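K.L.:
Here's the letter readout for the chains.
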Amino acid sequence: GESVGLHLPTLSVQEGDNSIINCAYSNSASDYFIWYKQESGKGPQFIIDIRSNMDKRQGQRVTVLLNKTVKHLSLQIAATQPGDSAVYFCAENRPGGGADGLTFGKGTHLIIQP
Amino acid sequence: DTGVSQNPRHKITKRGQNVTFRCDPISEHNRLYWYRQTLGQGPEFLTYFQNEAQLEKSRLLSDRFSAERPKGSFSTLEIQRTEQGDSAMYLCASSLDGWGVSENIQYFGAGTRLSVL
Numbered sequence: 001g002e003s004v005g006l007h008l009p010t011l012s013v014q015e016g017d018n019s020i021i022n023c024a025y026s027n028s029a030s031d032y033f034i035w036y037k038q039e040s041g042k043g044p045q046f047i048i049d050i051r052s053n054m055d056k057r058q059g060q061r062v063t064v065l066l067n068k069t070v071k072h073l074s075l076q077i078a079a080t081q082p083g084d085s086a087v088y089f090c091a092e093n094r095p096g097g098g099a100d101g102l103t104f105g106k107g108t109h110l111i112i113q114p
Numbered sequence: 115d116t117g118v119s120q121n122p123r124h125k126i127t128k129r130g131q132n133v134t135f136r137c138d139p140i141s142e143h144n145r146l147y148w149y150r151q152t153l154g155q156g157p158e159f160l161t162y163f164q165n166e167a168q169l170e171k172s173r174l175l176s177d178r179f180s181a182e183r184p185k186g187s188f189s190t191l192e193i194q195r196t197e198q199g200d201s202a203m204y205l206c207a208s209s210l211d212g213w214g215v216s217e218n219i220q221y222f223g224a225g226t227r228l229s230v231l
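Top to bottom, those sequences are chains A and B.
Per the working numbering, residue 1 is the first one in the first sequence, and the count goes up by one each step.
Per the working numbering, residue 115 is the first one in the second sequence, and the count goes up by one each step.
Honestly, the hints are just simulated from the structure, not real lab data.
Take the hints with a grain of salt, since some may be wrong.
[What the hints assert, rightly or not] Here are the in silico distance ranges between beta carbons for each label pair:
| no. | chain 1 | residue 1 | chain 2 | residue 2 | range |
| --- | --- | --- | --- | --- | --- |
| 1 | A | K106 | B | S176 | 18 to 26 Å |
| 2 | B | I126 | A | Q60 | 35 to 43 Å |
| 3 | B | R123 | A | S12 | 26 to 34 Å |
| 4 | B | E197 | A | N67 | 40 to 48 Å |
| 5 | B | R123 | A | F46 | 19 to 27 Å |
| 6 | B | Q155 | A | V70 | 19 to 27 Å |
| 7 | A | P114 | B | E197 | 22 to 30 Å |
All of these numbers come straight from a predicted model, not from anything done at the bench.
The beta carbon of each residue, even a glycine, is placed where N, CA and C say it ideally should be.
Please construct the entire structure, taking both the sequences and the accompanying hints into account.
P.N.:
Now the structure itself:
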């Protein structure tokens, strides 16, 4: 069964607001997590990653938070822009399961309203 | 660096035909992955190569599917006797793995969209 899931299939936010996209995972042995952005007709684009020995990592306008206690991952996008419209996937790398292939969730479609 | 390149971008075929896709990874990357993505779903892992060695296959990779990476550079994915259920986006990704590399970020190509009629 799927171990990486999203809480919301669609998230609509106003341009300029902050967005928070959530993800739950079930395998406590997973040690590496990645967020990808996928625009229509394109392949997934790397946004940010985090290892299980961290609980927060920041990039440019994005922050990933990892809560291992409840097996929850979130992506925060600051000051959302029209170009942020896409489907966002979280993915996990399970040690010893599926080699180094990532396990993806179903994705959250982020819609930016003007 | 031109990124991961996949050809063709689109392929339409009739059921029962064979198709082959090509992936050119980022030049210095030693790992290459194939995924399949259906509409509304996240990518699903199919197989991966470390240089020219195919190290892992998902149970999704039926015996009609075969992947090769003969010289450890580009890879091909062939589907024999295609079925309508094979219609999907086939994504290729590559990464750099080895001593001193702390992250194993997989970079994806734009994919090949297969439609089986």
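K.L.:
None of the hints should be skipped; say for each whether it holds.
P.N.:
Here is what the structure says about each hint:
1. A:K106 x B:S176: 18 to 26 Å: This hint holds: roughly 23 Å between Cβ atoms.
2. B:I126 x A:Q60: 35 to 43 Å: Given a distance of about 39 Å, which is inside 35 to 43 Å, the answer is holds.
3. B:R123 x A:S12: 26 to 34 Å: holds, 30 Å
4. B:E197 x A:N67: 40 to 48 Å: Holds, since E197 of chain B and N67 of chain A (Cβ atoms, about 42 Å apart) stay within the stated range.
5. B:R123 x A:F46: 19 to 27 Å: With a Cβ separation near 21 Å, R123 of chain B and F46 of chain A satisfy 19 to 27 Å, so the hint holds.
6. B:Q155 x A:V70: 19 to 27 Å: holds, 25 Å
7. A:P114 x B:E197: 22 to 30 Å: Violated, since P114 of chain A and E197 of chain B (Cβ atoms, about 43 Å apart) do not stay within the stated range.
Checked against the numbered hints above, the structure breaks only hint 7 and satisfies the rest.
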